[in-house]
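Protein sequences appear in the order of chains A and B.
Mapping of the first sequence onto our numbering: position 21 corresponds to residue 21, and the numbering continues sequentially without gaps.
Just add 175 to the spot in the second sequence (first one is 1) and you have our numbering.
None of these hints come from the bench; they were simulated from the model.
Every value quoted in this text rests on a predicted model; they were computed, and no experiment measured them.
Keep in mind that a hint or two might mislead.
[Claimed, not checked] Heads up, simulated EDC-like pairs for lysine to aspartate or glutamate below, C-alpha to C-alpha not over 20 Å straight-line:
no., chain 1, residue 1, chain 2, residue 2
1, B, K519, A, D61
2, A, K47, B, E730
3, B, K519, A, E131
4, B, K519, A, D111
5, B, K206, B, D616
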Amino acid sequence: MTEATANADALLAELTRLGEIAAGILDGEEVKRIITERAMHYIANPKPEHRYLGGDYFDVDHELFGRTKRLMIRIARLSDAQVSTSAWVPVPGQAKVTVAVHNGVRHRYYDFGQESAETPREMQEAFGTGEIVRVAPESDRAVATVLAPVRDSLGEVVAVIELTAPLEGQAPAWS
Amino acid sequence: MTSQSEWRLETGNEWVSRDPFGVVKPADVSKEQFPVAGDGGVRLRAARNGYASLRLWVVGSGEYRLSAQMAGPVEVDLFKAWYHKMAPGKEAEEPRYCVDALLPVAGGSLQQLPDPDNAVAGQTHQEYWIDVFVPADAPVGPAEGRLTLAADAERVELPLTVEVLDAVIPDEDAVICDHNSYGCRWIEGMYPSVFAGLDGDDRWDAIIEILHHYYRICHEHRGMLSNLGSGHAGTIDEVYVPTLSGAGAGKGIEDWTLFDRHYAALLDGTAFATAGPGAPAPRRPARPVWGFYSPIHVDWPGDYLWWGREGYEVEFTRCVGQFDKHFRDKGWLTTRPYLYLNHKKRYRWYEWDGDEPKYAKDDVYFLEMGRLLKKAVGDTPVPWLFRMDASWQMASHFTKFAGTVDYWVCGGFANWYPEQIKQTIARGDTVWTYSGTPAIDQTSAALLEHVWRMWARGVGGHCEWLTVRPGPDPWLNCDGAETGMIYPGERFGIAGPIPSARLKIQRNAVQDVNLIDARARAEGRLEEVRSAMGDSTPVTLWRDPPPVVLAEPPENWDSINLSATQDDNMARHAGLDALWWAPIRRAAMGQEAKS
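Full structure from sequences and hints, please.
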């Protein structure tokens with residue numbers, strides 16, 4: 001085992017510990033309602049000729065957003081690693097996801113300004129199995145990620161929490 | 176290399192550029208005339224304490240030297256224009272070249288045409304920008320000089336006469352052209368040779384030094400650099416903030432070292448006493464910057480985890496109070512630190528819009544931030560401002576946030592609210608506007624629309640939202656450089672920024688406005704002059720809003736029902752003639768009818 005692999009394994013173990021906490025305490029009933037219905041409509045139905053339309057209508061429920069954000073901050077601070085967190089929710093009727101709320105700047109899946117994205121394979125796995133999924137660093141991306149399922153009152157996985165941390169280095173304020 | 180053709184010099188005014196083959200840029204073609212030369216050579220009129228400029232083309236082939244001589248205190252700067260190769264359009268076409276970046280060159284230095292670095296096949300013309308600086312104490316009357324082209328045995332001389340006017344351009348600008356920028360990480364990518372092998376404090380020192388050069392180039396061009404440290408995610412690089420320690424009641428500012436290294440010279444003005452690399456010695460007074468983005472944002476110094484709780488208020492007020500005290504202790508009482516919130520909810524880090532708020536339900540956050548700022552700094556002599564970049568809700572915000580927000584930077588929707596803006600200015604608030612910058616293939620004088628509009632409207636400044644990042648390859652695959660009228664000098668061995676034709680056109684226009692404004696004020700007829708000149712200037716100051724604005728709340732507006740966006744670049748729709756500024760120049764030079 002190389003030192004880099006050992007570091008990645010240790011980080012993944014740490015992120016898994018946080019992911020288990022996230023899966024246990026985040027309330028899917030709240031997370032799934034953070035983005036307002038109208039905002040989600042425009043996320044699901046973008047008009048390429050009006051590229052700012054989705055942003056024009058993006059809005060959230062202040063209370064649900066705030067509670068989820070604070071919980072994710074607290075979970076991340078349980079670790080000494082620089083953990084960024086994102087709550088991903090499905091775009092209704094599509095094989096896409098969008099971020100409802102996030103913290104930090106080192107994300108594996110979010111591109112700045114992005115309104116939605118095709119659901120990554122490993123995120124599909126988290127939604128489908130309801131299990132925590134570990135995503136090891138890739139050669140071009142020195143971050144480790146754990147995906148934790150969040151369930152609603154019916155037991156359905158309605159969101160996935162991404163916990164991502166860099167193997168080394170500081171995250172920039174502006175990139 | 177031997178000269179293979181006859182050499183000549185051609186001249187033109189500052190607003191009309193040509194390609195490397197001598198063809199006028201299509202957007203700069205005009206039926207009007209504004210000649211700068213006649214039979215007796217170049218003849219310029221210039222007020223004192225400022226610049227007069229012209230474009231000059233060296234035509235020929237081979238090696239040459241260009242120089243300028245002036246008698247007396249008048250100085251001349253030479254800049255070689257870069258021909259930006261424009262990115263290909265959708266349809267196959269011949270390469271297009273546009274002028275903008277200006278490389279400072281020493282008079283008499285060896286040059287070549289075609290320019291080997293610019294690498295334009297078949298280049299026949301090399302454009303130069305000539306800046307003539309007339310000091311405030313220069314004698315009134317003609318100042319004589321010449322421009323000289325020397326190539327092998329050939330020598331072409333062009334007499335240069337500057338008619339120095341009695342008028343002195345005020346040091347204080349009537350309007351502020353603000354050059355906005357975000358963070359400092361871009362600097363390392365633009366100046367790889369500077370940062371090779373640097374880390375730790377050396378790296379931050381280099382970043383600070385180059386940032387200072389950007390402040391300098393803006394200052395010398397009668398503008399201002401604004402550099403925002405905080406990112407959308409609530410993070411901020413350490414060069415922008417004093418170091419904090421502790422949490423809750425024990426949280427406080429611990430170390431000012433890096434912050435002071437960055438800001439002290441900007442806040443006491445000493446940064447402007449020295450020139451940036453490649454630039455002439457400073458000609459503007461070394462004064463503190465007008466204002467700067469304080470590091471305060473929703474996650475600094477208060478921890479957003481505790482937003483709305485006692486802990487956030489304690490952390491915020493204690494640390495901002497210490498920040499204010501540091502400014503008082505240092506005597507930094509001129510520069511306006513502003514509280515500005517740049518985050519947008521669409522990026523999902525925060526639940527409310529700090530920038531361009533659209534939803535009235537977000538207003539409570541602004542009111543709370545305003546309350547905290549007042550509580551933190553109290554009755555301080557530090558001239559704090561609470562800045563809002565107002566957009567969708569600006570009409571209601573002007574009223575609702577009176578006494579909270581006092582620095583308004585308004586987007587394009589400002590077109591619809593002349594009375595509200597006048598009232599906001601009248602109560603003592605600072606009101607600016609913002610927009611993008613016209614691309615380099617558009618009319619060269621298009622960016623002056625903003626200069627004119629801010630003065631004619633009576634607002635104090637205009638922020639161009641990004642002017643230091645001219646694109647991934649502005650030299651050989653230029654995207655129009657709408658986000659950068661200040662270029663990195665790295666390619667030319669200059670460890671700092673170099674100017675552009677747009678920057679200098681803007682500077683000269685600010686000079687004109689300063690002269691008109693000062694003269695009108697002295698005569699007690701400012702509004703009369705504004706109105707009279709506004710009637711004859713082809714720039715629309717105010718517009719009626721579209722129907723949806725009257726029928727629906729801002730929450731229901733969008734880029735479809737408005738047929739516009741808050742980010743719209745106003746200049747794109749101006750359709751201004753290349754020489755539209757010429758009557759304003761004539762007025763500034765005292766040649767207007769005395770009506």
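So, going through the hints one by one against the coordinates:
no.: 1; hint: B:K519 - A:D61; verdict: holds, 14 Å
no.: 2; hint: A:K47 - B:E730; verdict: holds, 18 Å
no.: 3; hint: B:K519 - A:E131; verdict: violated, 33 Å
no.: 4; hint: B:K519 - A:D111; verdict: holds, 15 Å
no.: 5; hint: B:K206 - B:D616; verdict: holds, 19 Å
Checked against the numbered hints above, the structure breaks only hint 3 and satisfies the rest.
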